[in-house]
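With these hints in hand, go ahead and build the complete structure from the sequences.
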Amino acid sequence: MNDTPDRAGEQDAKKRDATPNKQVERQHKPREARVAADAPKQDAQVRPVVRPTVQPARRRKRHVFLFLSWILICVAPIVAAAFYMNTYAADQYASKLAFSVRSEEQSSAIELLGGITELSGSSSTDTDVLYAFLNSQELVSRVNERVDLESIWSRVSIEQDPLYAYDPGGTIEDLVNHWSRKVSVIYDSGTSLIEIRVLAFDPHEAQRIANAVLAECTVMINNLSTIAREDAIRYSRDDLEIASARLREARQSLTLFRNRTQIVDPSIDTQNQMGLLVTLQQQLADAMIEGDLLRDTTSTSDPRLEQADRRVEVINQRIEEERQKLGLGGGAEGAVVFADLVGEYEGLIVDREFAEVAYTTALAGFNGAQAEARRQSRYLAAHIQPSLAQKAEHPERIKLILFVALFSFLSWCVLALVYYSLRDRS
0 MNDTPDRAGE
10 QDAKKRDATP
20 NKQVERQHKP
30 REARVAADAP
40 KQDAQVRPVV
50 RPTVQPARRR
60 KRHVFLFLSW
70 ILICVAPIVA
80 AAFYMNTYAA
90 DQYASKLAFS
100 VRSEEQSSAI
110 ELLGGITELS
120 GSSSTDTDVL
130 YAFLNSQELV
140 SRVNERVDLE
150 SIWSRVSIEQ
160 DPLYAYDPGG
170 TIEDLVNHWS
180 RKVSVIYDSG
190 TSLIEIRVLA
200 FDPHEAQRIA
210 NAVLAECTVM
220 INNLSTIARE
230 DAIRYSRDDL
240 EIASARLREA
250 RQSLTLFRNR
260 TQIVDPSIDT
270 QNQMGLLVTL
280 QQQLADAMIE
290 GDLLRDTTST
300 SDPRLEQADR
310 RVEVINQRIE
320 EERQKLGLGG
330 GAEGAVVFAD
340 LVGEYEGLIV
350 DREFAEVAYT
360 TALAGFNGAQ
370 AEARRQSRYL
380 AAHIQPSLAQ
390 KAEHPERIKL
400 ILFVALFSFL
410 SWCVLALVYY
420 SLRDRS
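Just so we're aligned, residue 0 is where the sequence shown starts under numbering that gives the first Met the number 0, counting upward by one.
If you're looking for bench data, these hints aren't it; they were derived computationally from the structure.
Backbone N, C-alpha and C fix where the C-beta goes; we use that ideal spot for every residue, glycine too.
Misleading hints may appear alongside valid ones.
[To be verified] Restricting the straight-line Cα-Cα distance to at most 16 Å, the calculated cross-link-like pairs of lysine to aspartate or glutamate (EDC-like) are:
{"no.": "1", "residue 1": "Lys95", "residue 2": "Glu392"}
{"no.": "2", "residue 1": "Lys390", "residue 2": "Asp90"}
{"no.": "3", "residue 1": "Lys390", "residue 2": "Asp201"}
{"no.": "4", "residue 1": "Lys95", "residue 2": "Asp237"}
{"no.": "5", "residue 1": "Lys398", "residue 2": "Asp90"}
{"no.": "6", "residue 1": "Lys95", "residue 2": "Asp201"}
[Stated by the list, open to error] Derived Cβ-Cβ restraints for the label pairs, each shown as a range:
{"no.": "7", "residue 1": "Glu229", "residue 2": "Leu275", "range": "51 to 61 Å"}
{"no.": "8", "residue 1": "Tyr234", "residue 2": "Asp127", "range": "32 to 42 Å"}
{"no.": "9", "residue 1": "Ile397", "residue 2": "Ile70", "range": "14 to 24 Å"}
{"no.": "10", "residue 1": "Asp295", "residue 2": "Asn271", "range": "30 to 40 Å"}
{"no.": "11", "residue 1": "Pro167", "residue 2": "Leu416", "range": "23 to 33 Å"}
{"no.": "12", "residue 1": "Val277", "residue 2": "Thr360", "range": "40 to 50 Å"}
{"no.": "13", "residue 1": "Asn134", "residue 2": "Leu399", "range": "15 to 25 Å"}
And the structure:
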């Protein structure tokens with residue numbers, strides 16, 4: 000009990016002894032050090048106390064709505080797609096084939112000797128036509144007649160797989176729509192190659208459909224080739240028929256002229272008549288000379304003189320008749336008739352010659368078109384035959400589920416952004 004006051008007195012004495020020492024040390028410190036030591040105390044006294052302006056985060060209705068929308072828009076479709084793909088979706092087998100349209104032109108013997116050859120190449124125009132044919136209702140109808148597409152694609156009932164199965168009670172338009180889902184056609188315009196993938200619930204049936212498609216495409220290309228050859232020959236055949244009819248008409252007209260005038264060739268008759276006229280003139284000259292000689296050597300009562308004069312008269316009469324026949328005499332009617340005959344004959348000859356030239360040209364064109372049609376050929380070349388699948392690769396379940404997940408998530412993000420933007424505006 001007595002020790003406690005003594006200890007308290009000793010502590011007070013130590014404090015009194017330490018206080019002067021601290022004051023002495025403070026006096027010895029520089030002014031800058033004292034100011035730096037007192038600065039935090041002054042700042043603490045000057046700075047105001049800032050209270051928080053935002054309340055602590057807590058769950059609100061919009062947060063619950065956003066979470067529920069994420070469940071409904073994003074999670075539910077993914078779960079539904081995964082459940083359908085693994086429970087209801089039936090396995091499908093793919094049969095693949097690829098082909099192209101080739102046009103080969105065989106060179107003639109002269110071209111081969113000259114080193115000119117035509118290599119086989121693809122025809123882009125025919126490939127475009129074939130690509131349109133592969134997506135047409137006509138091809139679907141033909142293939143359906145060959146392999147019965149309705150029974151193949153309805154092997155799995157619509158109740159079991161409503162997404163990939165076919166309803167056998169549908170129309171041809173429904174079958175065409177289902178064809179676009181089961182048959183994929185890939186056309187490379189750069190290389191003119193066509194690749195086809197056919198899906199079915201059985202691998203052999205998928206291969207059957209692919210073989211039917213290949214057969215129908217081959218028939219169509221062969222028909223196009225035949226039509227092209229017929230078109231090339233038809234035009235030249237029409238020209239040949241027209242030229243032949245024109246030549247036949249010209250020859251008939253010339254035959255009618257000869258039958259009517261009884262003159263085969265007026266030019267030959269003219270030459271014969273001119274030769275006869277020259278002969279008569281020569282005979283007339285001889286007769287006149289003979290008469291003059293008789294007058295000089297005989298008396299006027301000599302009967303030979305009368306005969307000579309009679310001969311000269313007959314020859315003159317014959318010459319006049321021949322000149323009228325040639326149209327050289329005074330008979331205008333004979334001259335007009337002969338000129339008309341010669342002009343008509345020359346016109347008929349010109350028509351016949353023109354028809355013969357046209358016929359020769361048309362015949363050469365027809366023969367050339369036939370040779371060209373025989374040299375050219377167009378066919379379907381399949382570099383990948385219809386394959387037989389060993390395992391089902393369709394539907395691609397993982398890929399489809401990922402697509403659904405991506406689309407659902409993006410849709411949910413867009414709707415959430417739209418919701419918050421409208422909320423901020425309001």
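Practice problem: Identify every previously stated hint that the structure contradicts and give their numbers, smallest first. | Solution: 4, 8 and 11
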